[in-house]
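**Q** Starting from the structure of chain A, add chain B where the hints point.
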Amino acid sequence: MDFGTGGIMIKVKNLTKKYGDFTAVDNISFTVQEGTVCVIIGPSGCGKSTTLKTINRMLEPTAGDIFIDGKNVLDLKLEILRRGIGYVIQYVGLFPHMTVGENIAVVPKLLDWGKSRIGARVALLLEMVGLDPSAYRDKYPNELSGGEAQRIGVARALAADPPILLMDEPFGAVDPLNREVLQREFVRIQRELKKTVLFVTHDLDEAVRIADRIIIMKNGTIVQNDIPEIILASPKNKFVHDFVGSDRALKRLSRFIVSQYMHRPVSVEMGEKLLNEATQLREQKHIRYIWVVDSGKRLIGWLDTGIVDKNTSIEDAVTKVAQGKITVREDSTLREVLAKMLGEGVKVVPVVDADRRVIGEVSLKDIEKITEEVDASWKE
Amino acid sequence: MERVNRQKILRWIPIAGVSVLFLLIVFDRRFLELLLAFIFPGETVVIYPRAGLPGLLGEHLLLVLFSSLAAVGIGVAVGVFVTRPAGREYLHLVNDLSSLAQTIPPVAVLALAVPFIGFGFKPTVLALFLYSILPIIRNSVAGIETISPYLIEAARGMGMTRLQVLLKIELPLALRVIMAGIRTSVVINVGTATVGAVVGAGGLGTPIISGLVRENPAFVIEGAVAAALLAFLMDQYLGRIEQGLSERYGLEAGG
Numbered sequence: 001m002d003f004g005t006g007g008i009m010i011k012v013k014n015l016t017k018k019y020g021d022f023t024a025v026d027n028i029s030f031t032v033q034e035g036t037v038c039v040i041i042g043p044s045g046c047g048k049s050t051t052l053k054t055i056n057r058m059l060e061p062t063a064g065d066i067f068i069d070g071k072n073v074l075d076l077k078l079e080i081l082r083r084g085i086g087y088v089i090q091y092v093g094l095f096p097h098m099t100v101g102e103n104i105a106v107v108p109k110l111l112d113w114g115k116s117r118i119g120a121r122v123a124l125l126l127e128m129v130g131l132d133p134s135a136y137r138d139k140y141p142n143e144l145s146g147g148e149a150q151r152i153g154v155a156r157a158l159a160a161d162p163p164i165l166l167m168d169e170p171f172g173a174v175d176p177l178n179r180e181v182l183q184r185e186f187v188r189i190q191r192e193l194k195k196t197v198l199f200v201t202h203d204l205d206e207a208v209r210i211a212d213r214i215i216i217m218k219n220g221t222i223v224q225n226d227i228p229e230i231i232l233a234s235p236k237n238k239f240v241h242d243f244v245g246s247d248r249a250l251k252r253l254s255r256f257i258v259s260q261y262m263h264r265p266v267s268v269e270m271g272e273k274l275l276n277e278a279t280q281l282r283e284q285k286h287i288r289y290i291w292v293v294d295s296g297k298r299l300i301g302w303l304d305t306g307i308v309d310k311n312t313s314i315e316d317a318v319t320k321v322a323q324g325k326i327t328v329r330e331d332s333t334l335r336e337v338l339a340k341m342l343g344e345g346v347k348v349v350p351v352v353d354a355d356r357r358v359i360g361e362v363s364l365k366d367i368e369k370i371t372e373e374v375d376a377s378w379k380e
Numbered sequence: 001m002e003r004v005n006r007q008k009i010l011r012w013i014p015i016a017g018v019s020v021l022f023l024l025i026v027f028d029r030r031f032l033e034l035l036l037a038f039i040f041p042g043e044t045v046v047i048y049p050r051a052g053l054p055g056l057l058g059e060h061l062l063l064v065l066f067s068s069l070a071a072v073g074i075g076v077a078v079g080v081f082v083t084r085p086a087g088r089e090y091l092h093l094v095n096d097l098s099s100l101a102q103t104i105p106p107v108a109v110l111a112l113a114v115p116f117i118g119f120g121f122k123p124t125v126l127a128l129f130l131y132s133i134l135p136i137i138r139n140s141v142a143g144i145e146t147i148s149p150y151l152i153e154a155a156r157g158m159g160m161t162r163l164q165v166l167l168k169i170e171l172p173l174a175l176r177v178i179m180a181g182i183r184t185s186v187v188i189n190v191g192t193a194t195v196g197a198v199v200g201a202g203g204l205g206t207p208i209i210s211g212l213v214r215e216n217p218a219f220v221i222e223g224a225v226a227a228a229l230l231a232f233l234m235d236q237y238l239g240r241i242e243q244g245l246s247e248r249y250g251l252e253a254g255g
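Protein chains in written order, with our numbering: chain A, 1 to 380; chain B, 1 to 255.
Just chain A, same shape as in the assembly (with noise of 0.2 Å):
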């Protein structure tokens, strides 16, 4: 299929859902843009997953009319419709009688293409989510931790690489640690690969790290519809306000990376010289907090000059630390870092690349200065 680029590509409009006498979602309008990730956030029973179900006919509106890359869903054959959607639901849903491999493989197998072409898919797709395929291919779902069962659901639903992704609560069931390393492979996977991704969630933090867009709902209706920087900054009614929480500044920094803010770090190398490089950094630049990097770049602690004189040894002056504990890594988010800073009592800390080599650092300076923005366009 071809797809233009930045146009619209789910519309929905005047959508309304009924059962019975209760109104689950009263006519609403929204569209989503090719390539970005929009997400429906509310409390329980406000319509998102709703909203969400009609677009692949789950479910079938009461009134108004979805369309996708501007054909009207209602006109399509439901069984085409969804094998160019992926569909991921809280409950991953694998089929526990096929292996993992069998359960990537269903959509491709429903849409007839060759044995080759799909156990090259299969492979591809498992090294996206960042299994390996020889050792998991062959595996039954009861054999999967839940992260993993989920990082198969995401594969399967990629599988015939539909341009649009339906993803209902899906990293709900995962506890909060493995949820958080879900989140950032999803937005890296995303950013690869660019899908029209529709995405139901109740976890502000979860939609804030992930959305290009954040649509919020309340019994059936769309209460605020932006971007997530405006949503934290500017909430549109006390509702909006309430749902976003106080702590609004702080999950806006969830919206930062590291590699925009982090400066040029200073850092010298472990050895005889260290101590005389050191004591210089203070006295002509004033610089008080060092790191100690080995010959190949890659940290091995810090060193605080105010301290350094004549007498003090390497071992004294050197503060070593344990790996990973205050580095943070250049897709880190800001509020990681802060998070970072909080609980090791430091103001700045190291960015590292994946082989341990100091490439930058961020400070606390820099991080206040983010939410003070925030809060004047909050006061405004």
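Keep in mind that a hint or two might mislead.
What the hints assert, rightly or not - Listed below are several chain B residues computed to face chain A (Cβ distance under 7 Å; list not exhaustive):
(1) TYR150
(2) ALA154
(3) THR161
(4) LEU173
Claimed, not checked - Okay, derived cross-link-like pairs now, DSS-like style, lysine-lysine, Cα gap no bigger than 27 Å in a straight line:
(5) A/LYS139 with B/LYS8
(6) B/LYS168 with A/LYS115
(7) A/LYS369 with A/LYS251
(8) A/LYS365 with A/LYS285
(9) A/LYS285 with A/LYS369
(10) A/LYS139 with B/LYS168
(11) B/LYS168 with A/LYS109
(12) A/LYS340 with A/LYS297
(13) A/LYS77 with B/LYS168
(14) A/LYS365 with A/LYS297
(15) A/LYS71 with A/LYS109
As the list claims (entries may be wrong) - Okay, the calculated beta carbon distance ranges per label pair:
(16) A/LEU342 with B/LEU91: 56 to 64 Å
(17) A/LEU193 with B/THR103: 58 to 66 Å
(18) A/LYS109 with B/LEU91: 27 to 35 Å
For the record, the hints were derived by calculation from the structure and aren't laboratory data. What you are looking at is a predicted structure, and each value in this text was computed from that prediction instead of being measured. The C-beta atom is built at its ideal place from N, Cα and C for all residues, glycine as well.
**A** Relative to the frame of chain A, chain B by itself:
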């Protein structure tokens, strides 16, 4: 791996032993004669004279085969029908009927059947069919109904037609439970079919009835032992198939 194989082989030994014993009793007339003469030294005739065990076994198996095949075919079909949207309104009715019918003892079913459908082979097959269809319907419904609705949602959401969902998801997942129903029904059938002799259907019940009438316990034992061993072996072999199915589908750990 070797340990598992060893265990598997060990578990087959008792079944293999009983199988050999069964074949000896049915097909080696001299062995049977010696055995029965040893147990009943007072009887002059220890083997039912009017028909040999191989022929009786054949009749017996035909009774079971016809009634069970029909029961499996129709039972699974009914189970599938009442779990479809179109047939769902009959689900409770079918469930109630099958649990009610299960409370009637099999012998009573035959006894009740005779006045309506008469004597002989065909009526007996019909009565056996009616009785043995119930565990199959019940298990088909249970097997399909216990599948998580999320699996069906996932399958439908991926673009499977209703027929594909049934064939690729529901039936494979329900197969183990359905197979358990078939096993129960066949084993009950093997036992119940002996009563068929009363209504003139032949089978392994014939020497039993004759023995009772002529007060010759050897005849009774001849038929009863053969029928009991047959039921035991059916149960064991079908059980193995059932287990093989669940292993093949990786469902041992609860699925």
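**Q** Would you mind marking each hint as holding or not holding in the structure?
**A** We went through each hint and held it up to the structure:
1. Checking B/TYR150 against chain A by beta carbon gives a least distance of about 4 Å; that is within 7 Å, so the hint holds.
2. For B/ALA154, the suggested interface contact is upheld, since its CB lies about 3 Å from the closest CB of chain A, less than 7 Å.
3. This hint holds: B/THR161 has a C-beta 6 Å from the nearest C-beta of chain A, less than the 7 Å allowed.
4. Interface restraint check: B/LEU173 against chain A, minimum CB-CB distance 6 Å, threshold 7 Å, status holds.
5. Of the supplied pair hints, the one linking A/LYS139 and B/LYS8 holds, its CA atoms being roughly 23 Å apart against a limit of 27 Å.
6. Taking the CA atoms of B/LYS168 and A/LYS115, the gap is near 18 Å; set against the 27 Å cutoff, the hint holds.
7. Restraint check for A/LYS369 and A/LYS251: the C-alpha separation of about 15 Å stays at or below 27 Å, so the hint holds.
8. Our distance criterion of 27 Å between C-alpha atoms is met by A/LYS365 and A/LYS285, whose separation comes to about 19 Å.
9. For the hint pairing A/LYS285 with A/LYS369, the CA-to-CA distance comes to about 23 Å; that is within 27 Å, so the pair holds.
10. For the given pair, A/LYS139 sits about 19 Å from B/LYS168 by alpha-carbon distance, which is consistent with the 27 Å threshold.
11. A hinted pair counts as satisfied when its Cα atoms are at most 27 Å apart, and B/LYS168 with A/LYS109 qualifies at roughly 12 Å.
12. For the suggested pair A/LYS340 and A/LYS297, the alpha carbons sit about 22 Å apart, so the restraint of at most 27 Å is met.
13. Between A/LYS77 and B/LYS168 the alpha-carbon distance is near 21 Å, which keeps this suggested pair within the 27 Å criterion.
14. Using a Cα cut-off of 27 Å, the hinted pair A/LYS365 and A/LYS297 holds, with the two alpha carbons roughly 25 Å apart.
15. Annotation: proposed proximity of A/LYS71 to A/LYS109 holds, straight-line Cα distance about 25 Å (limit 27 Å).
16. Taken as a hint, the range 56 to 64 Å holds for the pair A/LEU342 and B/LEU91, whose Cβ atoms sit roughly 58 Å apart.
17. In this structure the hint that A/LEU193 and B/THR103 lie 58 to 66 Å apart at CB holds, the actual value being about 59 Å.
18. The supplied range of 27 to 35 Å is met by A/LYS109 and B/LEU91, whose beta-carbon atoms lie about 31 Å from each other.
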